[in-house]
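*Asks:* Letter by letter, the chains look like this.
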Amino acid sequence: MAEVLVVVEANAAGVKKVTLELLTHARELGTPAAVVMGAPGAAAALTDKLAEYGAAKIYAAEHEDIDNHLVAPKVSVLAHLVARVQPAAVLVGATQEGKEIAGRLAVRLDNGLLTDAVAVAADGAATQVAFAGATIVTARVTRGLPLVALRPNSISPTPAPADAEVTPVAVELTDADRLARVSERVVEQKGSRPELTEASVVVSGGRGVGNAENFTMVEELADLLGGAVGASRAAVDSGFYPHQFQVGQTGKTVSPQLYVALGISGAIQHRAGMQTSKTIVAVNKDGEAPIFELADFGVVGDIFKVVPQAAEEIRKRK
Amino acid sequence: MNIVVLVKQVPDSGAERTLRADDNTVDRAAADNVINEMDEYAIEEALQLQEAGGGEVTILTMGPERAAESIRKALSMGPDGAVHVTDEALAGSCALATSRVLAAALRELNPDLVLCGAESTDGRVQVMPHMLAERLGMAALTGARKLTVDGDTLTVERQTDEGYEVVTAATPAVVSVWDTINEPRYPSFKGIMAAKKKPVRTVSLADLGIPAEEVGAAGATSAVLEHRRRPARSAGVTVADSGDGGVRLVEYLATEKFV
Ligand SMILES: Cc1cc2nc3c(=O)[nH]c(=O)nc-3n(C[C@H](O)[C@H](O)[C@H](O)COP(=O)(O)OP(=O)(O)OC[C@H]3O[C@@H](n4cnc5c(N)ncnc54)[C@H](O)[C@@H]3O)c2cc1C
Ligand SMILES: Nc1ncnc2c1ncn2[C@@H]1O[C@H](COP(=O)(O)O)[C@@H](O)[C@H]1O
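Line by line, the protein sequences are chains R and Y. With this note's numbering applied, the first sequence covers 1 to 318. With this note's numbering applied, the second sequence covers 1001 to 1259.
So that you can see chain R by itself, here it is in the shape it has in the complex:
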């Protein structure tokens, strides 16, 4: 079976969940081959996890200069690998970095590209969700190999232990690869909460939360449910919560098992980022708020009464 190249994303905590999902998808298309690109030693730290989730092979492209430049060096590595391996497909996460890699690789290889897919069939046809989740599209690449960016949380990753034979890949960077230099990388504290797009529970607050201090109430419920915190654009624009937690059209797309909307009206651009969630729960004092049209369970009431009471009840049950 031909190899399927899976572009690995990792952070200090290890392999990102989206990569494990890609490995799970990849098994349907061929033999999963994980591509690790980073500083020397990067692959060794990730090998066990990648093996556990089915990587038969790991391409280790390691170089001091990969991490401190934006995606261009990674694209060079991948273009080289595609030519050498002739894979059945290339899968990346539909994350900021994944899409950037895919876009450049598409140009470099003169190859079609499908972004924001939620599934990919054995023949390479991908299912995409378009227009705020309202339309489902099946599409395929008609020039080149299937180059597909898959959304986080599109499948539950399942282990399937494999050999993970590590193959080093020589990395030669050109001047063009070094045009954009990263001089500083700042991780903004968000405690032990899971990453927004990967979380299986997301608790979001909107304008109804009222101010930044009150967001601790949203955070408390998120922590009790083991979830991430999100925010509507109105809450972000009003300075209640940082922009990287915005859910919606111009923010993150999330697809958790449970989405809790607190003081959010449910505007179409907000729904764009959350309506593929499995279960949706909403609390809003306005019974006419459009969020109730898609909520599986809604409470018409004041969040400042309902949420603290819910938190208390969860604590009681623990």
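Calculated from the structure, these hints are not laboratory results. Beta carbons: idealized from backbone N, C-alpha and C, even for Gly. Among the hints, erroneous ones may be present.
[Stated by the list, open to error] Below, simulated DSS-like cross-link-like pairs (lysine-lysine); rule was C-alpha separation at most 25 angstroms, straight line:
{"hint": "1", "chain 1": "Y", "residue 1": "K1257", "chain 2": "R", "residue 2": "K316"}
{"hint": "2", "chain 1": "R", "residue 1": "K57", "chain 2": "R", "residue 2": "K16"}
{"hint": "3", "chain 1": "R", "residue 1": "K285", "chain 2": "R", "residue 2": "K305"}
{"hint": "4", "chain 1": "R", "residue 1": "K49", "chain 2": "R", "residue 2": "K16"}
{"hint": "5", "chain 1": "Y", "residue 1": "K1196", "chain 2": "Y", "residue 2": "K1073"}
{"hint": "6", "chain 1": "Y", "residue 1": "K1257", "chain 2": "R", "residue 2": "K318"}
{"hint": "7", "chain 1": "Y", "residue 1": "K1257", "chain 2": "R", "residue 2": "K278"}
{"hint": "8", "chain 1": "R", "residue 1": "K305", "chain 2": "R", "residue 2": "K316"}
{"hint": "9", "chain 1": "R", "residue 1": "K305", "chain 2": "R", "residue 2": "K318"}
{"hint": "10", "chain 1": "R", "residue 1": "K305", "chain 2": "Y", "residue 2": "K1257"}
{"hint": "11", "chain 1": "Y", "residue 1": "K1073", "chain 2": "Y", "residue 2": "K1257"}
{"hint": "12", "chain 1": "Y", "residue 1": "K1073", "chain 2": "Y", "residue 2": "K1197"}
[What the hints assert, rightly or not] Some residues of chain R that are not near chain Y, with every Cβ distance over 10 angstroms (derived):
{"hint": "13", "residue": "A39"}
{"hint": "14", "residue": "G41"}
{"hint": "15", "residue": "R84"}
{"hint": "16", "residue": "T216"}
{"hint": "17", "residue": "D223"}
[As the list claims (entries may be wrong)] Residues from chain Y that face chain R, not an exhaustive set, calculated with beta carbons under 7 angstroms:
{"hint": "18", "residue": "R1230"}
{"hint": "19", "residue": "L1249"}
{"hint": "20", "residue": "V1259"}
Using the hints, position chain Y with the ligands against chain R.
*Replies:* Same frame as chain R, now just chain Y with the ligands:
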């Protein structure tokens, strides 16, 4: 510094959007068309850089004839002129083809800086800035929430999932911006009147030397096989809080095994 701002006309994201039944392309006729919101922030950023350091600001749009309305609207904010790439053969272009066309137009304009939105609300692919950078051999600094220019050095504070990165590059470069970077101005009456007289150059595929069959639906590198509407979510149970709303919420979460 000469700046080109990429502006795309898109169907209004607040309205219902659909794909056409006949050819699976975005039904642009059925929608209200507006400037892609994020591009207004790119225009604003360009105008602020011009106010500080001079140079020209040019709008570049690829799109059907009616995108001209959006170009006038963009010009009413203050840019000096525009280039509108329009050609019937462009209908149905994939991102790869769009980037080829925009790159060809940019080569002629030869700007020091290309500013664009971080993503468009219709395609949402977020790939255009990198595709253009790849074609033009420029750096791409994407997702900027802050941009500073010092001579020919650009420094961008770039939002990431975990925080932010500081990235530098020399001009010429492509920079894409988020809506956190500034507050776009409203066109003044004077601006609207002035925009009517600003030069808008219309450019065809032949002008750019791109064969028609290599772009548009004919040259697309991916194809939609089918599309259907996602079954609408049906509303579940809604209860009014009569003092026990929080408890009932948790009871529901417990039956669904979240608690
Ligand atoms: C191009 C474009 C892109 C956009 N992108 C996004 C995006 O990415 N994400 C996004 O969220 N929005 C986006 N928007 C904005 C969107 O249209 C809405 O304005 C926004 O989602 C509203 O946020 P909200 O629901 O928090 O605020 P509001 O609409 O003001 O709703 C607040 C809700 O809180 C309720 N409330 C108030 N107080 C209480 C209380 N004490 N208890 C219970 N309920 C209470 C109110 O009844 C109301 O329903 C975009 C808009 C445009 C034009
Ligand atoms: N047809 C187009 N004409 C002009 N600019 C475009 C076009 N398509 C995309 N862009 C620019 O590229 C940015 C990112 O778009 P996208 O990659 O489609 O999400 C947009 O915000 C625009 O600035």
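*Asks:* Indicate, hint by hint, whether the structure satisfies it.
*Replies:* Now the hints, each set against the structure:
1. For the given pair, Y/K1257 sits about 16 angstroms from R/K316 by alpha-carbon distance, which is consistent with the 25 angstroms threshold.
2. Restraint check for R/K57 and R/K16: satisfied, since their Cα atoms lie roughly 18 angstroms apart, inside the 25 angstroms limit.
3. Of the supplied pair hints, the one linking R/K285 and R/K305 holds, its CA atoms being roughly 11 angstroms apart against a limit of 25 angstroms.
4. Note on R/K49 and R/K16: the hinted pairing holds, with a Cα-Cα distance of about 10 angstroms set against a maximum of 25 angstroms.
5. The hinted pair formed by Y/K1196 and Y/K1073 meets the criterion: a straight-line CA distance of about 9 angstroms does not exceed 25 angstroms.
6. Note on Y/K1257 and R/K318: the hinted pairing holds, with a Cα-Cα distance of about 13 angstroms set against a maximum of 25 angstroms.
7. Distance hint between Y/K1257 and R/K278 is fulfilled; the C-alpha atoms sit about 13 angstroms from each other, no more than 25 angstroms.
8. Taking the CA atoms of R/K305 and R/K316, the gap is near 17 angstroms; set against the 25 angstroms cutoff, the hint holds.
9. At most 25 angstroms may separate the alpha-carbon atoms for a hinted pair to count; R/K305 and R/K318 meet this at roughly 21 angstroms.
10. Our distance criterion of 25 angstroms between C-alpha atoms is met by R/K305 and Y/K1257, whose separation comes to about 23 angstroms.
11. As the CA atoms of Y/K1073 and Y/K1257 are separated by approximately 52 angstroms, the hinted pair breaks the 25 angstroms bound.
12. Restraint check: the Cα-Cα separation between Y/K1073 and Y/K1197 comes to about 12 angstroms, which is no more than 25 angstroms; the hinted pair holds.
13. Distance check for R/A39 against chain Y: the nearest CB is about 16 angstroms away, which clears 10 angstroms, and the non-interface claim stands.
14. Distance to chain Y confirms R/G41 as a non-interface residue, since its nearest Cβ pair spans about 20 angstroms, more than 10 angstroms.
15. Every C-beta of chain Y lies more than 10 angstroms from that of R/R84, the closest at about 20 angstroms, which supports listing it as non-interface.
16. Interface exclusion of R/T216 from chain Y stands, the closest Cβ pair being 17 angstroms apart, more than 10 angstroms.
17. With 10 angstroms as the threshold on Cβ separation, the claim that R/D223 sits away from chain Y holds: the shortest Cβ distance comes to roughly 13 angstroms.
18. Taken as an interface hint, Y/R1230 checks out: its beta carbon lies about 5 angstroms from the nearest beta carbon of chain R, inside 7 angstroms.
19. Because the closest C-beta pair between Y/L1249 and chain R is about 5 angstroms apart, less than 7 angstroms, the hint holds.
20. Here the hint on Y/V1259 is kept, as its CB sits about 6 angstroms from the closest CB of chain R, short of 7 angstroms.
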